[in-house]
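Visitor: Each chain is listed here by its residues.
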Amino acid sequence: MAGSTLRFSLLLAAAFAGRATALWPWPQYIQTSELRYTIFPHSFQFQYHLSSAAQVGCSVLDEAFQRYRDLLFGSAAFRFPHPIEKRHTSEKNSLVVLVVTPGCDQFPSLGSVENYTLTINDEQCLLLSETVWGALRGLETFSQLIWRSPEGTFYVNKTDIEDFPRFPHRGLLLDTSRHYLPLSSILDTLDVMAYNKFNVFHWHLVDDSSFPYESFTFPDLTKKGSYNPATHIYTAQDVKEVIEYARLRGIRVLAEFDTPGHTLSWGPGVPGLLTPCYSGSHPSGTFGPVNPALNNTYEFMSTFFLEISTVFPDFYLHLGGDEVDFTCWKSNPDIQAFMKKKGFGDDFKKLESFYIQTLLDIVSAYGKGYVVWQEVFDNKVKVRPDTIIQVWREEIPVKYVKEMALVTSAGFRALLSAPWYLNHITYGPDWKEIYLVEPLAFEGSPEQKALVIGGEACMWGEYVDSTNLVPRLWPKAGAVAERLWSNKMVSNLDFAFKRLAHFRCELLRRGVQAQPLSVGYCDMEFEQT
Amino acid sequence: MEQRGFGRLRLPGLLALLAALGVLVVQAALERRKAQTPRISASRNQNLWPLPVSAMTTPRLLYLSPGNFFFGHSPSSKAGPSCAILQEAFRRYYAYIFGFDKWPLDSDNVARKMKLQKLEVSVIMDPECDSFPSITSDESYNLLVQGPVATLTANRVWGVLRGLETFSQLIYQHSSGTFTANESNIVDSPRFPHRGILIDTSRHFLPVKTILKTLDAMAFNKFNVLHWHIVDDQSFPYQSITFPELSNKGSYSLSHVYTPNDVHTVVEYARFRGIRVLPEFDSPGHTASWGKGQKDVLTPCYHSREPSGTFGPINPILNSTYSFLSKLFKEIGTVFPDEFIHLGGDEVDFNCWKSNPAVLHFMRNKGFGKKFEKLQSFYMQKVLDMISAMKKRSIVWQEVYDDEGKLTPGTVVQVWKKDKFHMKLRKITAAGFPVIISAPWYLDLISYGEDWTGYYSVEPLNFAGTPKQKQLVIGGEACIWGEYVDATNLTPRLWPRASAVGERLWSHQDVTDLGDAYRRLTRHRCRMVGRGIAAQPLFTGY
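Residue numbers (my numbering), protein chains in the order written: chain A, 149 to 677; chain B, -9 to 532.
Source of the hints: derived by calculation from the structure; they are not laboratory data.
Certain hints may be false.
Stated by the list, open to error - Okay, derived cross-link-like pairs now, SDA-like style, lysine to any residue, Cα gap no bigger than 25 Å in a straight line:
1. B:239 / A:300
2. A:372 / B:513
3. B:282 / A:258
As the list claims (entries may be wrong) - Chain A is nowhere near these chain B residues, computed Cβ spacing over 10 Å in every case:
4. 84
5. 300
6. 396
7. 472
8. 532
C-beta: ideal position from N, C-alpha, C; glycine also.
Just chain A, with the same shape it has in the complex (with noise of 0.2 Å):
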């Protein structure tokens, strides 16, 4: 008997082996052992704790059970395990789940607190957090635990873990307007998002090229800015599923409508509103940024804005604020004329102020706050001093480490971009000098570091539509996820390709179609519909 449990348990070890790699990202604190457990999908349960603050009728828990059940075990039909393999393992048959605080039916913001701690043990299979956003991450941590063997029985080792993210803005930016993304593949996104414990989805809805956006108050913004009003737009019911989706995954929606440039599709269902370009002393019938002279623009902004406020429920709002071009308005004799009303001399830096001062004090009023691009930290618009600055730019004007040190240094809070432009694609394991990016490597006291909020990975739109955003995103955007969850120290690339590799066929099996990182198979593969 001595002999047959000695082989027994090197199976074990090989065996858990492969599935100790499986986590990602990487969590804070854990520790495992070969002794595993059973776990029979037609008896297995996820059960409330009777002092947890989240009973029944939970949505964001009630779901999320659902959602990993069927993640878990899928709809396949399952045996009762064979009886030798039951004699050696005891069996779990629950998770059970303790939540601290209650508020099942809030949106997460900023503050949620993610903490959680997961003990398996022989006494105990408990998730334990703060808050229900905790669970859904514990959740997720849970499911990558469960592992299956050859003959297709579930386990779970012997388990200690004590999780939290090191930032707690993690975002994913998602371009709606260069090309129309499908609800669907917005839906899709966030649940691979979930998957990676992204907590923030940066929506830029509208750009130049179309304003697929739905408005209420300006319905012609869509009826004549959108590719096809019919189809390509997201009515006010989209943006609310879209909402509710990521509310259920412990997501947060970040809308952004940036303004004043890159507002070409603005223009058709707001006559005025864009700045006319005069080429010599007549206007040439193009248009640039928005018309920053007018007082009509300020009333337009201030009733969009008050929607806007509405319908996101997000404390935040992303206000954009980059790339204005200053041509067209040097060109307009009706601007040169308010530069010299206002004082401004030629500095159209001054001119881009003032206008987005003004927006800032209409959505301040509504009680928002806003995150901009860093141009607007950069040009020296007065901001309030809880405006988020978000750092995109990697070498100009300044390398973009520098930028992280100016923006903390002048006392604003920092989201990291610029070196997670996952449309940049070019050949090869690009993931790892991703994976390899320091948020806080840059000089700065503590307290200038403890003003970087966390980052972002931007999928922005030119190339990318719903025929090749899935490959593209994942599993690029795992190693921005890791970086901003896990600790400094994750940051070995043998360990994080093996798990990377091995999530990625986890979201194979998941059904998502995440692309390859290097040669090699899943037992699963992706196949075509």
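Got chain A; can you put chain B on it based on the hints?
Guide: Relative to the frame of chain A, chain B by itself:
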């Protein structure tokens, strides 16, 4: 009801006259083309990809109603309803044109307009319905689109397939749901006979479904060769009947294999689309996966006089190697009906051979000195002879020529190294060997932005050489190697980038206007998306 009987009627005199006029107009169009004004003729054919040799279109619209349109054989055609290739193609193209929905028969809301009710297909010579396409297959066709009966004439079924694709591209569905086509006359034939896509199923396994999908998309782009790089170092998914251990031990897993039935499915699916399947079994390098299932086929590498436990290229000094290869290639020659087999021969690393005492001994005996190139040539020549003995022809990667092997005349050399590839083309054609170009078309090497323009702007014959040399360029291939590509990202990486290569190999040399190509390709990619190919966008838009 009178209209439905056209199949049995002769062309009325007026139509015949129109047809004759059409030919005249085409000739006029050809004259214009010579006068360097491709833009004019191209701008009228915004929907066509690749652009035909000549396409004359009038503003006159013909109306099609799905319930009252069909494909049929002309009474004078050498092919009839027993020609499975055509019957299948008719069904396919009906669905591409009208979708898969059921349409009411005779929805006659366009009663007074000129209708197009039938495409009558006529094959002039032996149709080759039951043959496999080959390098010499005639793909030319004439398409006369007029009401109420359009005609598609070709020498063989292969031309009909290309013409059906063009016909389907001429039909436009308006937002009202109405289908129209402009009256047109198209005369078309390919510039190069070998227009291929290389897929790599060793670095990553591609499910059969994915391969079939690729064949569909290839037909939309008038590609005619699937170069199947089926095995390599990483895995051996080809299930051999003679040597089943090769895939049993050498595949990624037992579900990552192509059974004989899978291969047959691919070959037949390709045949129905006028596409040849060119199998590549690359040796003597790139063969690590062969060693797992075939003992002693690889060279044992040595480290300080002891076998190091690692293996190198195929062992070229053993008789057993050649008897194994001869059996294997005999099987491959039967399983794959194409006249050509690709033998690889690229990137052979000599270090392992250099380390092996038996190989060194063999080199001395043969008088090869230190030139391992000679050893490789010795090996390649033996394999080339096997293929010749089977009455088949070989294709090899450019190294086999570089290494100055005595190449059997008629061996085709594939040029893949991008550096100075035009010079290479000049040298190889000067030596009298046919070539296939891939060097500028490695689509797996991705970059940000509109890289299709680079592939499109390549001129294959842009090297110094005699007309005879240029004639030796039989075509090209777009390659999508599999290091970072599997079923998850193959389709958007291939299409529409490979389409750029498709037009370069099909259309006339002076079809080079990027603006015009962009407009047509944008529509073509939307059409592919509509047909279920997840072709990625060229740029912003919808």
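Visitor: If a hint holds in the structure, say so; if it doesn't, say that too.
Guide: Checked hints:
1. B:239 / A:300: Holds, at about 23 Å.
2. A:372 / B:513: holds, 22 Å
3. B:282 / A:258: violated, 54 Å
4. 84: holds, 22 Å
5. 300: Since the minimum Cβ distance to chain A is about 18 Å, residue 300 of chain B lies beyond 10 Å and the statement holds.
6. 396: Consistent with the label, residue 396 of chain B stays out of reach of chain A, its closest Cβ about 35 Å off (over 10 Å).
7. 472: violated, 7 Å
8. 532: violated, 4 Å
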